[in-house]
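> Line order of the protein sequences matches chains A and B.
Numbering-wise (this note's numbering), the first sequence opens with residue 1 and increments by one.
Numbering-wise (this note's numbering), the second sequence opens with residue 1 and increments by one.
Hints listed in this document are in silico derivations from the structure and should not be mistaken for laboratory results.
All clues given are correct.
Quick list of in silico lysine-lysine cross-link-like pairs, DSSO-like style, CA-CA up to 30 Å: (1) A:Lys96 to A:Lys135; (2) A:Lys243 to B:Lys213; (3) A:Lys4 to A:Lys243; (4) A:Lys243 to A:Lys300; (5) A:Lys96 to A:Lys279; (6) A:Lys4 to B:Lys223; (7) B:Lys213 to A:Lys96; (8) B:Lys213 to A:Lys240; (9) A:Lys135 to A:Lys149; (10) B:Lys223 to A:Lys240; (11) B:Lys223 to A:Lys243.
Taking CB as the label site, the calculated pair distances span: (12) A:Glu404 to B:Gly105: 53 to 59 Å; (13) A:Pro239 to B:Met1: 28 to 34 Å; (14) B:Lys242 to A:Lys300: 38 to 44 Å; (15) A:Arg177 to B:Phe53: 23 to 29 Å; (16) A:Phe252 to B:Met1: 55 to 61 Å; (17) B:Asp99 to A:Phe252: 55 to 61 Å.
The structure displayed is predicted, hence computed values, not measured ones.
We put the CB at the ideal spot given by N, CA and C, even for glycine.
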Amino acid sequence: MRWKNTEYTGWGRALRATGEMARPERLSALTALMAEEPAPALGNRRSYGDACLNDGGRAVDMTRLDRFIGFDPETGLARVEAGMPVGELARILAPKGWLPAVMPGTGFATVGGCIANDVHGKNHHGTGSFAQHVKNLTLVTAEGPQTVKGGTALFKATASGLGQTGVIAAAELQLIRAKGDIVTVTERRAGDFDDFIGLLDRSGATYTVGWIDATATGRDLGRGILEEAETGAGLVPAPKPAKAVPFDAPSFALSPAVVRTFNTAYFRRVPGRGRTVVKPINEFFFPLDRIRDWNRLYGKAGFHQFQCVVPLAEREAIRDMLRRIAASRLASPLAVLKRMGPGRAGYLSFPMEGYTLAVDFPNRPGVEKLVHQLEDLTAEAGGRIYLAKDALASGARIRAMYPEHEKWVRAVAKADPQGAMATDLVRRLGLRGT
Amino acid sequence: MSETWILLGATSSMARALARALADRGDGLLLAGRDMDDLRVLAADCTLRGARFAEAVAFDARKPERFADLIARTQADDGVLNAAVFVGSMPDQADIDADPALIDGTVTDSFTGPARFLQMLAPVLEEHGAGTVVGVGSVAGDRGRIGNYVYGAAKAGFHTYLSGLRNRLGRRGVHVVTVKPGPVDTAMTWGLPSLPFMTTPEAVAHDILRAVKTRRNVVYSAKIWRLIMLVIRLIPEPVFKKLSI
Ligand SMILES: Cc1cc2nc3c(=O)[nH]c(=O)nc-3n(C[C@H](O)[C@H](O)[C@H](O)COP(=O)(O)OP(=O)(O)OC[C@H]3O[C@@H](n4cnc5c(N)ncnc54)[C@H](O)[C@@H]3O)c2cc1C
Ligand SMILES: NC(=O)c1ccc[n+]([C@@H]2O[C@H](COP(=O)([O-])OP(=O)(O)OC[C@H]3O[C@@H](n4cnc5c(N)ncnc54)[C@H](OP(=O)(O)O)[C@@H]3O)[C@@H](O)[C@H]2O)c1
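The following block holds chain B by itself, in its conformation from the complex (with noise of 0.2 Å):
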């Protein structure tokens, strides 16, 4: 049975390197996201590289108005459907204390938008009885710290989210895959001061691949991350509040 894939926010080099993956082994491909420019690059890029079909579609996570058209392309097609959310942002914290409005945007682009477009396709899933929803959220959402807490609270959310979301699928078929990931050297992070433990795009889609191959329900990348979140999830919050981590 052919797979086609929605990968939402496309332009994530995260995203690119799945699609790339995806393409290689033949599968259709849907590139959402906001940059039609460069997600028709992409698009060419994946159908050379063997994708069944590669389409750039437009997606705004802060334009729930247009998701049913679609939702409405996603079913166009006859392959097992499968999503995955890369959407996400995260504007430095100081900007967020300066102009407490960025919360709204911050969240909206990290959870509630690619929430209820997840939500709107559920049933469309729900009724093809197959396929898996990958969500990337990422270790922020694992515990608040002050470095980047607004975004930490949106992905916390979205993991929160996927995990109801995989309850409801998993009864029908469709398996749902949070994956979380540290540092990876894509545009978000590059420039930042020096992160630990950082991976590459391909490594994060290898990662996604395998779980999804294995129906894992939650994934680290790199897998050092499970183990180091345990640590900082133990640290007692009298101390906790006290880190700069």
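Bound-form chain A, shown alone (with noise of 0.2 Å):
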């Protein structure tokens, strides 16, 4: 295998890292270059920090083992190669009557990013989960390939385990049905956050995510939108070929005053009395991806997100961020406010029930020390930070708020005891050691 000498980020492009990286387009390509050196894998990069970064190291990009090896219609059991985004895999099987059971907000995202962060979608409360949905993976190290069945010790560790364990080549996803390719998406107004919470409280749809105004405060602190969705069948017109963004925004593109007007206008988009829209799914479940890099509009510097989940009965603790967050003047628009259910398939899995919320800062002067002070207010409420999305915590405190985080570094120690596959998260929060 050639390996190719190249610099590269995750989205939110604050941190880099150059180092050799192979390209595998085969499964014995793959097994080859792990037996001889073996090296963490990358998905598509929509990590925002760290996660898929190995600066001065080698790593395996995935994107080429990306296809799509066999399915069940009847049980609706698919097998996939782990470099397939799951807007593809969605795209191909929303015909058939089937969906991946989870989609995070980008389907960019490949099924082995998404088992190696145990990714969230929009149905978590009900659904779980992307790996519990996983009936089994085949994971690639030094050894070979071995067939890991969920539930035991090895998959825990590799789903949520940001490819520590070794490859992931292909998995098996139990699909969920869907009647169709679109979904029907009901939009309401919430106030304020009082309001928000209890819109979210008691809503029963399958699909629900709200967009939060980050910059709103006083009366209108934490109004947002709320968007709870069904999937159906029916007749859409196709959505428009993908916009990219073609070069760095300068700065002042995302300035506080830009940004509050922009707000302000997508919260009254919906009218007070909500509405019901008919969406293509992608549209619904991916709204970012139809703006390709859009990451470029934070500039050269970047951006960062912050994601936290707190439990239900620290809401406080949701309010008081967003009070801090709208004085720090450094909110994006992108901002999403979540209730979450439990469920979670491996020992650094994020969720927890309660409350998530998901905050953009460009990367500018004052956000270390507001992500700090974020990073405060979620472990005093006994929440935890999404590794999927962080560039700036600190060990000690990560691994506090992932009480199974000894329990990974074993069967981690195990699996990889060279310490081979760790990437610059691994080494900047020191979570192979205890």
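Starting from two chains that each stand alone, build the complex the way the hints lay out.
Spelled out as structure tokens, the structure:
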């Protein structure tokens, strides 16, 4: 296998890595290179921070191992290579009446990346996390490929395991039924934080997601729009082809004034009495994918996403966070509030029953301090920071948030005794040690 | 009328992109190559994407004694038959300098093997009186350059062969498209020093389908390479021989 020397980043573009990358196009090439010198796998690098970076080391780009290998239309069991993007899988499956059980907010995330971060979707409260629907997976280490069955210790260390147990080459997924490839979405305004929490708590919809105006203050604090959706059948116009952001935007593109104006307009877009609209599935599940490379809007310096979850009883912590975020004038239009269920599949899985808040911040002076304050609030509330998004947290704090960390360390030490699969995030947070 | 395509060198990511586009529209696929394990995975992928059928079949450009079986297989199907050749190999010029015997393999993979197969397929296509042959050449075949002139020579031979085949088959309603890609982001170029105007396998597949539909004879992919190669071909030999481009 030839190695390519390359500089690369995660989705946030605030952190960079340089190193050698392989990109196998077939399983035999992957097993051969792992036997020679194992290296951590990367998917489409939709993690924001350094989970998908290995500065100074080697890495394996999995995006060309992207085939749909098998499907049973009776049981809804599908076998796919790990480099398959979730959105592509959904596009193929929806007309057959099935969907991946869990889909994150971008269709570009690969199946391998979805397992390695045990991602959640807009249906987490009812359906659980991605890897809970993985029956088994093929894991490649220096010793070759092995099948790892759901429920085993190695499986729990691999699901949410940040690539540390080996390279996931393929997985068998239990799909869920979908009536077709459209969704009916009901959009409702939430006037303030209490209103928002009330709407989330009462929602009986299969899919819910809340957009929150992170610039709103005072009486408007916590205002936003709740979207509730169900899949269905019907005919809607095909989505327009994706547009791309061709260059890094100048720094004023997301200045506080622009964001405030945008957010107010975005909030008012939905009439006061709410409305119901019908969309193609990808427009609902992956709204941002319609603008390729939108991360360039944040300019060269890149951006950070903060995502936490706090227990249901700790909603005041979220209110507190929103106050600080609005006061910082650092918020971007991208902010999400959701209620999570308890579902999780791995030792390091992020979800817990509670409320999750995700906010993007341009990488400007003051961001680190703000994010550290938000981390403090999360820790005090007994919550968790999401490693798929993190670039700034400190190790001791993170390890304390993940009660099964010790079990993970033990299982990973067995699977990768040399530490060959370590990534920048794992080193920064000291995750492999105890 | 349903269409069937035989793709030679189907493990190439360019071929994969074309196979998927063809599967999306429901064509039948014979995926030919050496790595049967990988071809079976691709066949499953294409079937699940909507191919009328997709089957892995053995093809090694260096084993012409087995071509007849494959030709017979192409006749087992009643759709309009089409063929696309992606087979090719590009050893480092330095390796060839060290071991000139590598020339034989390069020429067999990139030219004579596929040509011999197409020569056997030609009567079948003439019989059908329809369909398209796509041959993937290379901009490297447009002029011999210090960096890869053996590969370039093989591709030049293949271009000339395709031009003659077009002349022959065109008379019987079969169209031949010569595709000359510039650098494409595939296994062949991965890790090579950075190459200008690189395109993706999906873009090449898209260009191929358009060329087939509009019955173009020779296309470059990316398009800019038509212009670049025009300029490069115009450089007089006394000047060109001193350049290392
Ligand atoms: C716009 C946007 C919206 C998002 N929405 C959500 C959301 O709603 N919910 C959510 O949970 N997440 C969300 N995310 C985060 C994203 O889903 C995760 O970061 C996911 O892991 C990205 O997948 P990837 O294929 O890009 O993996 P990468 O980011 O490339 O890698 C992520 C991790 O997985 C490991 N990995 C990747 N492939 C393999 C493999 N084959 N074998 C072993 N390890 C592997 C890597 O080593 C790394 O540790 C979102 C991200 C974006 C950009
Ligand atoms: N990438 C570029 O920049 C570029 C530019 C111009 C032209 N091209 C041409 O595009 C075509 C596809 O190449 P690629 O870039 O996708 O690289 P690739 O992955 O190396 O593809 C080459 C293909 O040829 C096959 N092949 C080689 N020798 C063979 C043999 N003896 N018998 C049967 N099959 C054989 C390979 O099969 P195996 O899998 O069995 O090895 C593979 O399918 C080639 O003809 C190449 O010359 C490429």
